[in-house]
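Taking the hints into account, I'd like the entire structure generated from these sequences.
The listed protein sequences correspond, in order, to chains Y and A.
Using my numbering, you'd call the opening residue of the first sequence number 1 and step up by one each time.
Using my numbering, you'd call the opening residue of the second sequence number 1 and step up by one each time.
Mixed in with the good hints there might be a few duds.
Chain copies aren't distinguished; within one or between two, either way the pair holds.
[Unchecked claim] Straight-line Cα separation of at most 20 Å, SDA-like style, residue types lysine to any residue; simulated pairs: (1) K139 - D160; (2) K48 - A99; (3) K88 - D28; (4) K139 - G107; (5) K153 - A197; (6) K139 - T187; (7) K48 - R132; (8) K139 - D70; (9) K48 - A96; (10) K95 - R201; (11) K139 - N189; (12) K95 - S166; (13) K88 - R144.
Bear in mind the hints are in silico, worked out from the structure with no lab data behind them.
There are 2 protein chains.
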Amino acid sequence: MRHESPVHSPRGRPRGFDIEAAVERAMDVFWSRGYHGTALPDLLRATKLSRGSLYAAFGDKHSLFLRALDRYIADALARMEFEFDPRKDPIDGLKAYLAGYVERTSGGNGRRGCLLVATAMELAGQDAEVGRRVAGYFKAMEGRVANALSRAKAAGQLADGVEPSSAARILICFLWGLRVVAKTAPTRNTSQATVDALLDRFIR
Amino acid sequence: MRHESPVHSPRGRPRGFDIEAAVERAMDVFWSRGYHGTALPDLLRATKLSRGSLYAAFGDKHSLFLRALDRYIADALARMEFEFDPRKDPIDGLKAYLAGYVERTSGGNGRRGCLLVATAMELAGQDAEVGRRVAGYFKAMEGRVANALSRAKAAGQLADGVEPSSAARILICFLWGLRVVAKTAPTRNTSQATVDALLDRFIR
DNA sequence: CTATTTCAAGACCGATCGGTTCATATATTG
DNA sequence: CAATATATGAACCGATCGGTCTTGAAATAG
Numbered sequence: 001m002r003h004e005s006p007v008h009s010p011r012g013r014p015r016g017f018d019i020e021a022a023v024e025r026a027m028d029v030f031w032s033r034g035y036h037g038t039a040l041p042d043l044l045r046a047t048k049l050s051r052g053s054l055y056a057a058f059g060d061k062h063s064l065f066l067r068a069l070d071r072y073i074a075d076a077l078a079r080m081e082f083e084f085d086p087r088k089d090p091i092d093g094l095k096a097y098l099a100g101y102v103e104r105t106s107g108g109n110g111r112r113g114c115l116l117v118a119t120a121m122e123l124a125g126q127d128a129e130v131g132r133r134v135a136g137y138f139k140a141m142e143g144r145v146a147n148a149l150s151r152a153k154a155a156g157q158l159a160d161g162v163e164p165s166s167a168a169r170i171l172i173c174f175l176w177g178l179r180v181v182a183k184t185a186p187t188r189n190t191s192q193a194t195v196d197a198l199l200d201r202f203i204r
Numbered sequence: 001m002r003h004e005s006p007v008h009s010p011r012g013r014p015r016g017f018d019i020e021a022a023v024e025r026a027m028d029v030f031w032s033r034g035y036h037g038t039a040l041p042d043l044l045r046a047t048k049l050s051r052g053s054l055y056a057a058f059g060d061k062h063s064l065f066l067r068a069l070d071r072y073i074a075d076a077l078a079r080m081e082f083e084f085d086p087r088k089d090p091i092d093g094l095k096a097y098l099a100g101y102v103e104r105t106s107g108g109n110g111r112r113g114c115l116l117v118a119t120a121m122e123l124a125g126q127d128a129e130v131g132r133r134v135a136g137y138f139k140a141m142e143g144r145v146a147n148a149l150s151r152a153k154a155a156g157q158l159a160d161g162v163e164p165s166s167a168a169r170i171l172i173c174f175l176w177g178l179r180v181v182a183k184t185a186p187t188r189n190t191s192q193a194t195v196d197a198l199l200d201r202f203i204r
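Written out as structure tokens, the structure is:
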């Protein structure tokens, strides 16, 4: 039950741009160029905002970066939420999730890299706010993959001796490494074959 | 046969600093702070050189960075040369090599990260000189690990169905991912256990 | 000794950094 | 209409960027 609060429409010019769209465009820039490699003019060009508007909306470069990073993380979590849906077969979900990685590490997508991995390397050691976010995402990813593997194990789908939690850590390290390698060698077939070979060691 | 060229000792003050030591100190700085995150004063402090001397010796920041990166790569290659010595048992060598990674991704070492991985993410996409070096190192690493695995396979030390070249790619992705994860979660025991669990899937 | 070379220290350069401020135009509501 | 709110764009800020240059001390060889 919502109280009918008498919200007066403010007079004056209404907000003329979409904040979330601006965050997304800023994310794209940080994604391609990194934090230190991104200058204010890059962000202004991408968001099509004036300096004043950008600072009014986001405070400063660092805050905008955190919002962009949060957005990237939210997208990644949503993807996992979808692929690891408990109603789906865990191995199917895992394969689909890995296929997404192959897609994202191929060709131009691969060269573009990964905002999380790049941020982890560039800032996580020095910037506590960033470090917490990266570590949090890592834990979340680990938990969901481990959960899927547990379900698979219960269904007898894993190879003998495979332990879900350590297998999850292996998979995550592998996937993050894939994003690093893809910066210079983004060949789709090789990536897919490597993923298949890895999976082959873990599923029955 | 060398012609006895009459090399006159130059008059004047002799070189008073060790260039290789300066490269190493510069490497440490880039390693900790990244390329864009490193400013000239950082390099001057670390190398204990004056601005003039540094520019006389190295040209500019980018050239110095390339020398530091080359040094890092040379060290890494030397480590592989040692561990994958053909006279040693390949599995022993591989285990020792992986143990070195665990060491380098634990605690403070882990937080420090890896100059190659950080550089791959920060510059490999935009800087051709850097990209070539990173890609070259990746190929070298892949080749040597694959070679060790081939020898292991010939000796019947690998699990059934393990193919040396794809297993090598898996291992490399895993190790590079380990360096990413270690930026925020550098716990030695977990790393070692994960490495062991991975190896367990590949060796008999 | 002198001539020569190398070094450190720091002034100096133009450009750019992230960030603030302000005048102006525009769009909306009462 | 007047009042209000928001956006732009440019001017502006001090600090720092990477890089050059000069000066003077130090150390060597002839």
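Consistency of the hints with the structure:
| no. | hint | result |
| --- | --- | --- |
| 1 | K139 - D160 | neither (25 Å within a copy, 33 Å between copies) |
| 2 | K48 - A99 | neither (34 Å within a copy, 50 Å between copies) |
| 3 | K88 - D28 | neither (32 Å within a copy, 48 Å between copies) |
| 4 | K139 - G107 | between (28 Å within a copy, 18 Å between copies) |
| 5 | K153 - A197 | both (19 Å within a copy, 16 Å between copies) |
| 6 | K139 - T187 | between (29 Å within a copy, 14 Å between copies) |
| 7 | K48 - R132 | neither (30 Å within a copy, 35 Å between copies) |
| 8 | K139 - D70 | within (15 Å within a copy, 34 Å between copies) |
| 9 | K48 - A96 | neither (36 Å within a copy, 53 Å between copies) |
| 10 | K95 - R201 | both (13 Å within a copy, 19 Å between copies) |
| 11 | K139 - N189 | between (29 Å within a copy, 17 Å between copies) |
| 12 | K95 - S166 | both (18 Å within a copy, 18 Å between copies) |
| 13 | K88 - R144 | within (13 Å within a copy, 40 Å between copies) |
Checked against the numbered hints above, the structure breaks hints 1, 2, 3, 7 and 9 and satisfies the rest.
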